[in-house]
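Novice: Please put together the full structure from these sequences, using the hints given.
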Amino acid sequence: DQQVKQNSPSLSVQEGRISILNCDYTNSMFDYFLWYKKYPAEGPTFLISISSIKDKNEDGRFTVFLNKSAKHLSLHIVPSQPGDSAVYFCAASDSSNTGKLIFGQGTTLQVKP
Amino acid sequence: GAVVSQHPSWVICKSGTSVKIECRSLDFQATTMFWYRQFPKQSLMLMATSNEGSKATYEQGVEKDKFLINHASLTLSTLTVTSAHPEDSSFYICSARDYTGGAHNEQFFGPGTRLTVL
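For the record, the sequence lines run as chains A and B. For the first sequence, position 1 matches number 1 in the working numbering, and the numbering has no gaps at all. For the second sequence, position 87 matches number 87 in the working numbering, and the numbering has no gaps at all.
Don't take every hint at face value.
Computed Cβ-Cβ distance ranges for the label pairs, DEER-style [as the list claims (entries may be wrong)]:
(1) B:G53 / A:Q14: 25 to 35 Å
(2) B:S15 / A:N57: 41 to 51 Å
(3) A:M29 / B:D27: 29 to 39 Å
(4) B:D27 / A:Q2: 27 to 37 Å
(5) A:I18 / B:G16: 47 to 57 Å
(6) A:I53 / B:T82: 41 to 51 Å
(7) A:S96 / B:S54: 12 to 22 Å
(8) B:T17 / A:I53: 46 to 56 Å
(9) A:M29 / B:S83: 34 to 44 Å
(10) B:G53 / A:Q3: 24 to 34 Å
(11) A:N57 / B:S83: 42 to 52 Å
(12) A:T98 / B:P40: 26 to 36 Å
(13) A:R61 / B:G16: 41 to 51 Å
(14) B:L68 / A:Q14: 40 to 50 Å
Stretch-level coverage of chain A by chain B, calculated; a stretch enters the list once three of its residues show a Cβ under 8 Å from a Cβ in chain B [stated by the list, open to error]:
(15) 10 to 22
(16) 43 to 51
Keep in mind the hints are simulated off the structure, nothing from the lab. Each residue gets a CB set at the ideal place from its N, CA and C atoms; glycine is no exception.
Specialist: Next up, the structure:
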């Protein structure tokens, strides 16, 4: 039972354009969502998070949007840079469950110069 | 930001041997550490949650007698893969959560350990 889903395994965008990565979840108990960036053979690096009481959180070039009714979140990167090329994982947790994270399958982003 | 280290970064062992992987929080105290494994091109799958001074909580389907977890201090957790077999070959990643508490305290991830069992 995949509680967090990233249905697009890969995404390719041109440098300077917007990258939009999507994530869906099924568990209505999730109340905190995070995005991580990961390079091969390395651990994930935290990018940005959002609490379920908000619908948007912005940090520099990164913005996360949350649509609770649709159980959907997205990460926008603008402008995209070649250094953003990596695998992006969304993760979700609920405050009643030790804070453990449930990860999506990941989306490989390629930003072309 | 907070730093989490793992040792070794990679290990190759023979089938039937045991391998220990260390996870350390270098500049903060972690009451909780998490162990994940990742197969190629797949998601990170949580194996167990490790709380300092108590027994680890394993996810469904993870054999606690095969994957021994010890969290003896606020800065160190170890994962021992006992009697390793080729199917245990994977990328093992730990994460640590800051001591200040709260379910949503950020988790910091280690760089991972690549285990190859021959």
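Novice: State for each hint whether it applies.
Specialist: Now the hints, each set against the structure:
1. Our hint of 25 to 35 Å for G53 of chain B and Q14 of chain A is violated, since their Cβ atoms are close to 52 Å apart.
2. Judged by the Cβ atoms, the range 41 to 51 Å given for S15 of chain B and N57 of chain A holds: they are separated by roughly 47 Å.
3. A beta carbon spacing of about 32 Å between M29 of chain A and D27 of chain B agrees with the range 29 to 39 Å that was offered as a hint.
4. D27 of chain B and Q2 of chain A have their C-beta atoms about 35 Å apart, which keeps the hinted 27 to 37 Å range intact.
5. For the hinted restraint 47 to 57 Å between I18 of chain A and G16 of chain B, the CB-CB distance of approximately 52 Å keeps it satisfied.
6. Between I53 of chain A and T82 of chain B the Cβ separation comes to about 44 Å, which falls inside the hinted range of 41 to 51 Å.
7. Distance hint check for S96 of chain A and S54 of chain B: the Cβ-Cβ separation is about 19 Å, which falls inside the suggested range of 12 to 22 Å.
8. Between T17 of chain B and I53 of chain A the Cβ separation comes to about 49 Å, which falls inside the hinted range of 46 to 56 Å.
9. For M29 of chain A paired with S83 of chain B, a C-beta distance near 36 Å keeps the hint of 34 to 44 Å intact.
10. Taking the beta carbon of each, G53 of chain B and Q3 of chain A are about 29 Å apart, inside 24 to 34 Å as hinted.
11. In this structure the hint that N57 of chain A and S83 of chain B lie 42 to 52 Å apart at CB holds, the actual value being about 45 Å.
12. Taking 26 to 36 Å as the suggested C-beta distance range, the pair T98 of chain A and P40 of chain B conforms, at roughly 28 Å.
13. Checked against the hint of 41 to 51 Å, the pair R61 of chain A and G16 of chain B passes, with Cβ atoms roughly 49 Å apart.
14. A hinted range of 40 to 50 Å for the beta carbons of L68 of chain B and Q14 of chain A is consistent with their spacing of about 49 Å.
15. Coverage of the stretch 10 to 22 of chain A by chain B is violated in this model, with 0 residues showing a Cβ closer than 8 Å to a Cβ of that chain against a need of three.
16. Check result for the stretch 43 to 51 of chain A against chain B: holds, 6 residues qualifying (beta carbon to beta carbon below 8 Å, three or more required).
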